[in-house]
Amino acid sequence: MKPEDAARLLQAYADGELDPAASLEMEAALAASPALRAALERTRAMSAAIREKADYHAAPAGLAARIGRSLPDRPARRTSRWIFAAAAAGIAALALVPFLIRPVAQDRLAEELIASHGRATVGQRMMDVASSDLHTVKPWLSARLPYSPPVVDLAAKGFPLAGGRVDYIDGKPVAVLVYMRRKHTIEAFVWPEDSGRAVWQTRTGLNIQSFAAEGMRYWLVSDLAAEELREFAALLRASTS
Amino acid sequence: MADRRARFEQLVLPHLDAAYNLARWLTRNDHDAEDVVQDAMLRAYRFCDALRGEARPWLLAIVRNTCFTWLRANRPADLAGAAEDLAEAASPAEGPEALAARELDRRLLNEAIAALPAQFREVLVLRELEDLAYKDIARVVDAPIGTVMSRLSRARRLLADSMRVITRASRPRIHE
Chain A
1177 MKPEDAARLL QAYADGELDP AASLEMEAAL AASPALRAAL ERTRAMSAAI REKADYHAAP
1237 AGLAARIGRS LPDRPARRTS RWIFAAAAAG IAALALVPFL IRPVAQDRLA EELIASHGRA
1297 TVGQRMMDVA SSDLHTVKPW LSARLPYSPP VVDLAAKGFP LAGGRVDYID GKPVAVLVYM
1357 RRKHTIEAFV WPEDSGRAVW QTRTGLNIQS FAAEGMRYWL VSDLAAEELR EFAALLRAST
1417 S
Chain B
3 MADRRARFEQ LVLPHLDAAY NLARWLTRND HDAEDVVQDA MLRAYRFCDA LRGEARPWLL
63 AIVRNTCFTW LRANRPADLA GAAEDLAEAA SPAEGPEALA ARELDRRLLN EAIAALPAQF
123 REVLVLRELE DLAYKDIARV VDAPIGTVMS RLSRARRLLA DSMRVITRAS RPRIHE
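Protein sequence lines correspond, in order, to chains A and B.
So the first sequence is numbered by the numbering used here: it starts at 1177 and just counts up by one.
So the second sequence is numbered by the numbering used here: it starts at 3 and just counts up by one.
Please keep in mind that the hints were generated in silico from the structure rather than gathered at the bench.
Hints may be right or wrong, so weigh each one.
Computed beta-carbon distance windows for the label pairs [unchecked claim]: (1) B:E113 - A:A1241: 38 to 46 Å; (2) B:L81 - A:V1375: 47 to 55 Å; (3) A:A1207 - B:I147: 45 to 53 Å; (4) B:R6 - A:T1297: 28 to 36 Å; (5) B:D163 - A:H1360: 39 to 47 Å.
DSS-like mimics (lysine-lysine), calculated; alpha carbons at most 27 Å apart, straight line [as the list claims (entries may be wrong)]: (6) A:K1314 - A:K1348; (7) A:K1314 - A:K1333; (8) A:K1229 - B:K137; (9) A:K1178 - B:K137; (10) A:K1314 - A:K1359.
Covered stretches of chain A, as calculated for chain B (at least 3 residues, CB under 8 Å) [what the hints assert, rightly or not]: (11) 1237 to 1243; (12) 1284 to 1297; (13) 1313 to 1320.
Note that the structure is a prediction, hence the values are computed from the model and not measured.
Every residue gets a Cβ at the ideal spot worked out from N, C-alpha and C, and that includes glycine.
With the rest of the complex left out, here is chain B:
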């Protein structure tokens, strides 16, 4: 048992920030994220002997499942999002006013990510904030790599679209 604790502290606990970041982005709330992470870490501790390979995707898969179980029970509306197999827009309408990503407002960008459907939000967070490889993301979200790829590209497109709308809407209107 002392062994397990040592193993947990050396291999799993160092990824607490990653665990919290994912839970926070999925629950969109500090209090719930903390509850979910505590629960997930307890599970990780129990299954720690079964850990093979890299600890971070392994732990994040547990956190992710705990989040979804929690959301299903407490906030099912959060999981109702874009249908998986919606045909992807063939070519995004990128006018000459293409997004100047460097100038994006920090707060608006965070809100736009938070507003993405959960299955797109999670792949985006795992890729851009946790810097996971596709194969590790596939492991965390329990989906084939091809699915990860299409969800990620759809996530980025949705985000670009919503930023474009927000940016346009928040532009001062001179002629009114």
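Isolated chain A, as found in the complex:
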């Protein structure tokens, strides 16, 4: 690799954007040039400083709701009139719908949770409030949500609380509590909901578990082994009720 090419492609290398062949050439060029190595260090340091220190401007609370209200076709408006006329004919069919769509809806929800988990892990934005103190995490979440999620610390049982964030799931903002188990993270998505069945799934290396307790629906997403996640679910359930 010519020196001018190496200088030009250095940032792409630092960003992990070179193909394997070019990366090898770059590594040879780096081995031969202390100046190039110093430049790589500077690039990496600058990149790390920006990621760590530049402001990430998350959308203000309430913006999602305002956008939702501004969309042109709110379903309720159009359905309210004719739904009564159609009621007699359709009610029997409609009554079946929840049973028919539930698995699909639940699948979709699981997809969303996995996507949220993935974004948080990859983007390293797992927690907007990083604290093991439930008296910090709970008020932070309550201030940003229309409900107050139960927050418990399970450090004594080997699952310390690490923090929380607010995410957008199924069209509404929800609380996400982040717990640790050794090097693994467990994300607990929590929102108010009374009913629903317990669900257990495994997908793409992640375990997902859901249960309802004390008027709240919990969805747990983790790369933790199934058994340990079950143990965590049982502890969480016991401590919130």
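On the provided structure of chain A, position chain B as indicated by the hints.
Just chain B now, with coordinates in the frame of chain A:
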């Protein structure tokens, strides 16, 4: 229509933070960012049926275009920046006092990013804060990957230069 709304809520709305972050960095103002994002989300909703592939770059491209349209109409001076084809400085003058990036002051760094010309600021934000791949950045800013690469490297160089100047200027002067 209900389908479209569901699709929008599942695929597009989860990227609201990314949309806002980009708009906020481009408009440099909360109030304007909110207006632009609302407008962009409405557009995204209208074109939601045409969404193929990943939603985040798709949405960010809409947000970015809405931002630029808005800036052109309301604050054209913000878009006058460094000319695209300014020859890149062959080798940045990195003295022995090379930047200790770890010690950079948070506020000064944010100000320096905000002061970058828009076309450099946006690639930097998309790369470092949204962690987009070059091909996705290219899609958002509607430019070839080669252009993304050179803008990004120029953005980092400009930022390093301005931080060096700021750091030097803010150092206490003992001999005065």
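Structure-based check of each hint:
no.	hint	verdict
1	B:E113 - A:A1241: 38 to 46 Å	violated, 32 Å
2	B:L81 - A:V1375: 47 to 55 Å	holds, 51 Å
3	A:A1207 - B:I147: 45 to 53 Å	violated, 27 Å
4	B:R6 - A:T1297: 28 to 36 Å	holds, 30 Å
5	B:D163 - A:H1360: 39 to 47 Å	holds, 42 Å
6	A:K1314 - A:K1348	holds, 18 Å
7	A:K1314 - A:K1333	holds, 20 Å
8	A:K1229 - B:K137	holds, 25 Å
9	A:K1178 - B:K137	holds, 25 Å
10	A:K1314 - A:K1359	holds, 23 Å
11	1237 to 1243	holds (count 4)
12	1284 to 1297	holds (count 5)
13	1313 to 1320	violated (count 0)
Violated hints, listed in ascending order, are 1, 3, 13; each of the other numbered hints is respected by the structure.
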